[in-house]
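Protein chains in written order, with our numbering: chain U, 1 to 313; chain L, 1001 to 1349.
In short, the hints are calculated from the structure, not lab data.
Among the hints, a few may not be true.
Chain U is faced by these chain L residues, among others (derived, beta-carbon under 10 Å) [what the hints assert, rightly or not]:
(1) Ala1088
(2) Asn1129
(3) Ala1183
(4) Ala1226
(5) Ala1237
(6) Glu1251
(7) Gln1254
(8) Val1285
Here a beta-carbon is modelled for each residue, glycine too, at the ideal position from N, C-alpha and C.
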Amino acid sequence: MAPVDIQIGRGPNLDGALLGDTDPATQGGYPDHPPRMGFFTDTSVCIGCKACEVACKTWNAIPEDGLVFTGMSMDNSQGLGASTWRHVAFIEQRKPVAAQDPGVVHDQNVLELAGNPTAPGTNGDFRWLMASDVCKHCTHAACLDVCPTGSLFRTEFGTVVVQEDICNGCGYCIPACPYGVIDQRKEDGRAWKCTLCYDRLSVGQEPACAKACPTDSIQFGPLDELRERADARLARLHEAGVADARLYGRDPQDGVGGDGAFFLLLDEPEVYGLPPDPVVTTRDLPSMWKHVTVAAATLVGGALAAFVAGRRL
Amino acid sequence: MTENRLRGVRPDRDAVTGVATGKPAKLGRRRGGKGRGGRRDGAPTVPDAEFTSYYNLPVINKPVWSSLDIAGYLFLGGLAGAASLLGAGAQATGRPALSQVSKAGAFGAGVLSLAGLVHDLGRPSRFLNMLRVFKVTSPMSVGSWLLAGYVPLAGVAAASSLSGKAPRIGMAATAGSALLGPAVASYTAALISDTAVPAWHDGYPEMPFVFVGSGATAAAGLGLLAAPVTQNGPSRAMAVFGVGTELAAFERMQRRIGMTAEPYSQGRGGGYLRAGKILSGVGLVGALLGRRNRVLSALSGAALIAASAATRWGIFHAGLQSATDPQYTIVPQRERLRAAAPPVGFAEP
């Protein structure tokens, strides 16, 4: 048997490992590493083509994830799971989409010709939100923290990957994830999730989903660059009057220390099935261990008292 | 996708979606329905909150653990840990029958809980990967190492006590298992709390006390069930301690966490927990009244063991329910944001 590798947190400083804005690759033990890579998924230009879902499945050889008709708009894959690493959400809303700019010149106004039934502000108000969801590759990743085998690890790119030859299927990572990303593949017993195409990154390629995205809704790159680009994009949309636009997972001070894969959304996160204020569960773990210690001492005290009182009882 | 000659003509990813009117989002009301958002008497436990979800699907993925394996693991770990203390104390105070029963029970429960843990793995043959690393950030890693140390010690203590052989080694093993026992009984609280499951995570400060109380109840029950009444004074006292600690901590937790505590009083989880409370009460009263009655004592012991198991099953199922229903994830987070930020305006800067 190989010597046991003692891991105390993810680095010498446990506080830094559990909270706030840190560089996860450095925390993960890579003193010299490439920049942190991630995704910026701009849902305002997603057209719901599901090319990302298909590219992901094809590249990563993911098995079928259930051929069902859900009736949930165009969404039949329902959510992220062991065999769904990219998931396109579809939301139909009675909200005005307002003046849309297709970027091409029309000779005729076809909408007016059709009697203008869907003009803004009328009962025809309708907008269709589409968003491609993925593993967030959190700065503070609960799945990685709670994995008892070391199967989940931090890569040099700051991403979080499962080593399937190590995973023993304990399932602890599954309820630990605040986003509901990782899950168990029933027929195989192990936990699976997005690797941010670790194999492709290692040879300088971009992940399959980003490569396949026809509108650049999924943008891949160094995280600090993506954050700058997202800030500019948000400002542009706000300037254009899209007041609903907001960034999700962009803030390094949020409950997970910022996401490696973050989003531009056009509605509240929960509309897309995302938690509005996720917090890494291990943030409270030091306090949990303190309470466990006090409770264990209480049990010892209770047992001692039982033997004192037990003479008379 | 744009060809080079068209670059700059089409906006691509810089396309502006449209000009929204800035109407605030319509939020769905928290659904009513059977038992939701209120107590049985109709009084709401918390004010109805509004929340939106994605087709009412859960936000987090619920645990894939089977209740027999993992709720059983929680129950048996508590029983084993507390029984080791009872066994050591019984040996020290000259109660040989209670000592033997407790040590044998501790070892049996320890082995079974380990078996439950291994059986629940997706790849049981890879159990030893649990001992590949030691991580304080993973209660399951800490627990695996604890059990790896505890179960052999409990085994030696039980074997020595039952056979009467190697008393010195037996004494050392008894002391060792009594030292690790409280940790075995309590760490499982951190194990379930260290998840995104709302009912488990939010209850983390009280959960270890519920668990050690429940463990003490089960160990006391085992003593009452299998040892003679003359030696069971400490078991009766331990039942008082166990039931009292468990109920007090649980009550405190339910009051403190508010809405996320709903699954503890509803559905399958709530049913198990109510059964646990009734069995605890019945068992405790029976144990105290049946001080000289072997049959009543044994029945009370069985009730206390069943109470502890029912509590663990209840907590397990309540956790599953809180993970499956998106409101328990969304509403508390949304309220946290509302409390932290000014009420108007939904766009982030």
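These are the hints, each one checked on the structure:
1. Ala1088: holds (8 Å)
2. Asn1129: holds (4 Å)
3. Ala1183: holds (6 Å)
4. Ala1226: Hint violated; L:Ala1226 Cβ to chain U Cβ min 16 Å, cut 10 Å.
5. Ala1237: holds (4 Å)
6. Glu1251: violated (16 Å)
7. Gln1254: Hint on L:Gln1254: violated, closest Cβ of chain U at ~17 Å, above 10 Å.
8. Val1285: violated (14 Å)
Going down the numbered hints, you'll see the structure goes against 4, 6, 7 and 8, while the others check out.
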